Structure formats: C-alpha cells, structure tokens
Amino acid sequence: MLKILKYSFFDLVRSRWSYVYLLFYLALGFTLLFLNNDLSKAVITLMNIIIVLVPLIGTIFGVMYYYNSREFTELLIAQPIKRSSIFLGQYLGVAGSLALSLILGLGIPFIFYGLFKSAAIWDFVLLLYTGAFLTFIFTALSLNIAIYNENRIKGFGYAILMWLFFAVLYDGIFLLSLIIFEDYPLDTFSLTATLLNPIDLSRTLILLKLDISALLGYTGAVFKSFFGTLLGFGISIMMLVVWTLIPVFTYLRKARKKDF
Amino acid sequence: MKIAGSILFCFLNLNLLFAQPTRIEVCNNCETSRLIAALQMASRYDTIILKPGIYREYNIVIDKPITLLGEGEAVIDGENKGEVLKVVSDSVHLEGFKIINVGTSYTTDYAAIRIEKSRYFKIRNVRLEKLFFGIYLEKAADGEVIGNTIIGDAVEEFNSGNGIQLWYCKNVKVIDNRVEQVRDGIYLEFSDNIEIENNISSHNVRYGLHFMFSNNDSYRGNTFEDNGAGVAVMFSKHINMSGNTFKKNWGAASFGLLLKEINDAQIIGNTFEENTIGINIEGSNRIQYRNNEFISNGWALKVRGACYTNTFTDNNFLYNSFDISYNSKINDNIFEQNYWSNYSGYDLDRDGIGDVPYRPVKLFSYIVNRTPETIVLLRSLFMDIIDFSEKVSPVFTPDNLLDAKPRMKRLL
Chain A
310 MLKILKYSFF DLVRSRWSYV YLLFYLALGF TLLFLNNDLS KAVITLMNII
360 IVLVPLIGTI FGVMYYYNSR EFTELLIAQP IKRSSIFLGQ YLGVAGSLAL
410 SLILGLGIPF IFYGLFKSAA IWDFVLLLYT GAFLTFIFTA LSLNIAIYNE
460 NRIKGFGYAI LMWLFFAVLY DGIFLLSLII FEDYPLDTFS LTATLLNPID
510 LSRTLILLKL DISALLGYTG AVFKSFFGTL LGFGISIMML VVWTLIPVFT
560 YLRKARKKDF
Chain B
669 MKIAGSILFC FLNLNLLFAQ PTRIEVCNNC ETSRLIAALQ MASRYDTIIL
719 KPGIYREYNI VIDKPITLLG EGEAVIDGEN KGEVLKVVSD SVHLEGFKII
769 NVGTSYTTDY AAIRIEKSRY FKIRNVRLEK LFFGIYLEKA ADGEVIGNTI
819 IGDAVEEFNS GNGIQLWYCK NVKVIDNRVE QVRDGIYLEF SDNIEIENNI
869 SSHNVRYGLH FMFSNNDSYR GNTFEDNGAG VAVMFSKHIN MSGNTFKKNW
919 GAASFGLLLK EINDAQIIGN TFEENTIGIN IEGSNRIQYR NNEFISNGWA
969 LKVRGACYTN TFTDNNFLYN SFDISYNSKI NDNIFEQNYW SNYSGYDLDR
1019 DGIGDVPYRP VKLFSYIVNR TPETIVLLRS LFMDIIDFSE KVSPVFTPDN
1069 LLDAKPRMKR LL
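Residue numbers (this note's numbering), protein chains in the order written: chain A, 310 to 569; chain B, 669 to 1080.
FYI, nobody ran anything at the bench for these hints, they're computed from the structure. As the structure is a computational prediction, the values presented were derived from the model and not from experiment. A portion of the hints provided could be inaccurate.
[To be verified] Derived list of chain A stretches under chain B, where covered just means 3 residues or more per stretch with a C-beta under 8 angstroms from a C-beta of chain B: (1) 416-423; (2) 491-503.
[What the hints assert, rightly or not] Here are some of the chain A residues that sit facing chain B, going by a computed Cβ distance under 10 angstroms: (3) Ile353; (4) Glu383; (5) Asp480; (6) Phe483; (7) Leu484; (8) Arg512; (9) Leu540; (10) Gly541; (11) Phe542.
[Stated by the list, open to error] For lysine-lysine, the following DSS-like pairs were computed, each having C-alpha atoms within a straight-line distance of at most 30 angstroms: (12) B:Lys766 / B:Lys798; (13) B:Lys1077 / A:Lys350; (14) B:Lys916 / A:Lys426; (15) B:Lys766 / A:Lys350.
Quick reminder that beta carbons are idealized off the backbone N, C-alpha and C, glycines included.
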C-alpha cells in the first residue's frame, strides 16, 4: 500500500495541477498579507475562501484523478496486490498531495509575515487543520461518486452537485427550517445541523475561535458552551474524523466488489 | 473710654478681616493627629494639611469652607465602617490625598466623598480605592471634579456602587478623571449643564457612563473601554456627545452606546471600535450623527424602532459585520455622504461620490432580526448569495433606506 501511496503521491506532486494549486495559495496568501498586514484579519478572509474553495478543489481533483488513472488502476489490479491497498493508497496520495499544497501554500506566506510571533497562530493552525480535513473528506466523497458512476459526465455532474449541496443548499434548507420553526427552541437543532455538515462545522469552529462569538448572542452562548469546552471541541474533531472515515470505508467496500 | 473701646473693637474686627488663613497640620507627632479634631479646631477658610501617614477615621463631616490638602502618601482609611468624608458646606477644596476601605451596605449608599447641598466645591487629584460609592454629589452645584483616580474592585452589580455619581446637580465639571472597576463609571440622574471631558472609564461592571433624566449636558473626548454593557444615555434631551472613543464592549448584551428616548442630541466625531453593537438606538428623534467612525463592530448601528428624522452624514463605516440593522419597513432617517467600506459601486464622473446608491441593510440582518438563531449562518456562502440578490432588487429591506451619495474614499 505504501508503494502505491508513494507512487500516486509523487505522481501528483510532480503534476502541473499540484503546482498550479500550490501557486494559487501562495499568491493568495502573499496578496492578502501584502494588502493587509494584520494576520488575524487575514485569517478571517482566508476562512471565507477555504470553506468554499477547498471542498470544491478536493471534489474536482478526486473525480478527475479517478477517471484519469483508471487504466493504470486496472493494470495494478491485475497484479497480486490487495485491492484495498491500491485504492487506499491512491486516495491518500490524492488527498495528501492536495493537503500538502494547501498547508505549504498558505503556511509559507504567513511564516514570512511573522506567524510565530503572532497571537493568531492557533487560529491559523485550526484553519489549516480544518482545511486539511475538508480536503480529505471531499476527496473521499468524490471518489465514491466516481467509483459508482462509469459515465464521466454523470460523475462530474454528481460531484459538483454534491459540493453545491454542502456549500450552499444545505445552509438554505437549514435557514428555512430555522425560520419555519422559530417558535420552538432551536439550540439543539442548530447544533446538530451544524455537526452534520463538514463545511458548516469548520466554519463554526473557526468563527468561535475568532472572538466573533459575542456577535452570535444567545445562540452564540449555546454554541460557545458546546464548542468552547474540551468535550465539545473533541466531539467536533471526532465528527470531522467520522466524516472522513465513512466515505473512505464505503469507497473501499465498493472497490473490493466492483467488477472492472 | 467709650471711644477707645470702639477703636479697639474696630481694630479687632479689622484684624479678623485681614487674618491670614491658618494652616493646621495633621500628623502623628503634630499638634493633632486626627483629622476630625483638626476640623473642629479650624475656623472658616483655614487650610488643613494631611502629612504622609494613615488616618483611620470615618464619618468625617466638613461643615465649614476649608481647604484640605494631602501631602505625599496621605491616606484616610475608612476601615470598611461607613462613609468617609461628607461635605455640607460651600467652597470646600479637597486635593491630593487617598481614601481607602469605604464601607459596603445594602441599605445606605456609603461614599468615599459625599458633597451634600453645597456649591463651589473642588475635588482634585484624589485617589479612591476599595470603595463602594466614590464621589457622590447630591444636590450640589457649580463645582469641579478634576484629575481624580477611582479604582474599585466591583465584581457584581448588586453589591457595588458608582464611581462618580451626580444626583440633582447643576453646572458641574467632571474632567480628566480615571474610573475603573466600579458599577457605573460616571452616573448622572436629574443633573443639568454638566460637562464631562477627557475622562477614562474602563472595566466597569455595568456602564462606563450612564445618563438618566439629565438635560443640556455634554461629554467630550472621553474614552470608554471594556465596560460590562458600554455607555447608556436614557430619557434625556439636548446632550452633546463628541470626540469620545467607545471601545471593546464585547458581549452578548453589550453595546458601545445605547440611546433610549433621546431627543435633539448631537453625536459628532466619535469613534466606535470593536463593539458588539456600535450604537443601539431606540425611540430617539432629531439626532445628528456626523463624522463618526464605526470600525470592526458586529453591528455598527442597530435601529430598534420609533426613531424619526435622524440624520447620518459624513460617517465612516469600516469593516463591520453588519452596517445597519433595522426592524421596520418605514424609514424616516437620512443617510447621506457616508463612506461604507462594503460599497462596491463606481464613480464614472470622478466627483468622489459613487454613482450607485448604497443599501446598508442586508437581507441577512433582516432575517437575524426576525429569527436570532439564524446568525449561526454568518459568513456562509448561501448568505452571501441571497444578500447579493436582495441588493440587486430589494424586497424585504426598506427600499428607501439608502445612501444616495456614498463616498468613494474614507473621510479623514
């Protein structure tokens, strides 16, 4: 498995797309900090970008890589290697290289502008941490879609739809249900609804760390008392892990049974 | 003999008239070691000097015009037993000493210094620590409270007092004081023509400054920072608020400035920075807001209703999460020539005024007003999208609430 991982990882790291991705984040980080020297403000702006772009790029990359490397995968399957190690290796290779681009691309400019001396370091670490998790989650989800759909066009379509659902539609449904049921106590509901969407979960985690929680008023106090405690923080990290493990598991199960 | 007698009498009288005010010193090995004794000895317009040392006395009453000066570290220790200094005479001048350990009570408002029904008083450079009420002016007039430092240790509202309290006062100047960690930094009730300038009021449990039923007052150049709820101005008329700084009042029920039933006031050149709500406005009419800066607040302005004919001109709104929250569809207030950092219009004729009007009320702030829980969706992509569509064609937000002449550049 390690060999496959290493192969797909280096294959991707050497590929043009990884460089483009890395350069994009480098440019983004440097321009942000050039325009605004305040690290903590830059963290907020970055958050807006990360919770939208990282899942999108993870989704597209995952689908693209699966369809592109299909022939090579078939070749590998013909070899005496366990299927699970082939597919797990590929998954970790894709998600790992994307996460590395993200961390390097944003880390370098921030270190350049004195991250280690700044109080924003933990916010930034949390930002990269959730960013990396979002990459792993959405790559796994998109690989699932790809392996279930032989038709590339359909696969791409579903993948984009999936991203659209989590990034936009989910919040729309969330908002509507909050307004429709406004007469009822909604604290537990909004907490659960937040936990069930990795993008919302990441957004809330970062927002609450960014001193903006007072703005959230009473609801914010409920959230703060949940996410602010070690237990709540642990649960939300656990949720991110669960969000990664479930799609990886279904992906591997399908890969084991699939007739290539 | 009779003539000689009258001459002698005149002479004595003259002597009395031109008598130099005597100085009475109080210290451990002076003639008197107690302030109360010195006050009894003193005659009108004498000066009492408190030499360095600790004087364990309370319930001290000053009932004649006197100057009381502290030298070095002169400390009056109330030993938590009750009120420390009470002035019931006009023209008393207190300066340069320190009062500690004022008694706490749930039935009586014990103060470090109480001025009662007196005029022409001066309180300068006095330091108050471990107190209940600090300087309590009761039906006093024509006085000054300048350069004092009041540092309390209040934790909760119910068992703490106010730093400087004015009750039924007139023509008092409160200047250059520093008030920390009390209930209300400065509190005014039924007090008119009060000038409050260049004070620093911070870390107080409730309000930095609190107005109730007080008219024709002004406060300028003060700094209010990190107070429990900010500054509250209620039920008052003709208040001039200018050049103040309201900073870091963060909290679920916090605001920089609360206006409730305020009419005909002017709010000019103030800075509101990093407050949950910059100004919370309720039932306030005919107020001019000019040249203020609203920087990085949660809500810059929260208009709660019953606010008519207010004008907001030449203000800077910079990086607030919400510029304005408005809870009705009727708008009678004027927004003009402000700078909004969220403005994304253009200026083709290059006159410094944007060609497209700016709508400061976002759909999201309307929704949050209706269902406060929805604020969990702050900064989500969905909200940005619906905000954009509302901006293009307003349906829910008052369509005449707009700045028709938004500035392109920040006002300096």
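We went through each hint and held it up to the structure:
A count of 0 residues in the region 416-423 of chain A with a Cβ less than 8 angstroms from any Cβ of chain B is obtained; the coverage claim is therefore unmet, three being the minimum. A stretch counts as covered by a chain when three or more of its residues have a beta carbon under 8 angstroms from one of that chain; for the region 491-503 of chain A and chain B the count is 5, and the coverage holds. Hint on Ile353 (chain A) holds. Least Cβ distance to chain B is approximately 8 angstroms, under the 10 angstroms limit. Taking 10 angstroms as the C-beta cut-off, the interface hint given for Glu383 (chain A) is violated, the closest approach to chain B being about 38 angstroms.
With a cut of 10 angstroms, the hint placing Asp480 (chain A) at the interface with chain B holds, because the nearest CB-to-CB distance is about 4 angstroms. Because the beta carbon of Phe483 (chain A) sits about 7 angstroms from the nearest beta carbon in chain B, less than 10 angstroms, this interface hint is met. Of the supplied interface hints, the one on Leu484 (chain A) holds, with its beta-carbon coming within about 6 angstroms of a beta-carbon of chain B, less than 10 angstroms. Taking 10 angstroms as the C-beta cut-off, the interface hint given for Arg512 (chain A) holds, the closest approach to chain B being about 6 angstroms.
Of the supplied interface hints, the one on Leu540 (chain A) is violated, with its beta-carbon coming no nearer than about 19 angstroms to a beta-carbon of chain B, more than 10 angstroms. A distance limit of 10 angstroms between C-beta atoms decides the matter here; for Gly541 (chain A) the minimum to chain B is near 14 angstroms, and the interface restraint is violated. A hinted interface residue such as Phe542 (chain A) counts as satisfied when its beta carbon comes closer than 10 angstroms to some beta carbon of chain B; here the least separation is about 17 angstroms, so the hint is violated. As the CA atoms of Lys766 (chain B) and Lys798 (chain B) are separated by approximately 11 angstroms, the hinted pair is consistent with the 30 angstroms bound.
As the CA atoms of Lys1077 (chain B) and Lys350 (chain A) are separated by approximately 21 angstroms, the hinted pair is consistent with the 30 angstroms bound. Taking the CA atoms of Lys916 (chain B) and Lys426 (chain A), the gap is near 23 angstroms; set against the 30 angstroms cutoff, the hint holds. The suggested pairing of Lys766 (chain B) with Lys350 (chain A) is violated, with an alpha-carbon distance near 44 angstroms, which exceeds 30 angstroms.
Of the numbered hints stated above, those contradicted by the structure are hints 1, 4, 9, 10, 11 and 15, listed in ascending order.
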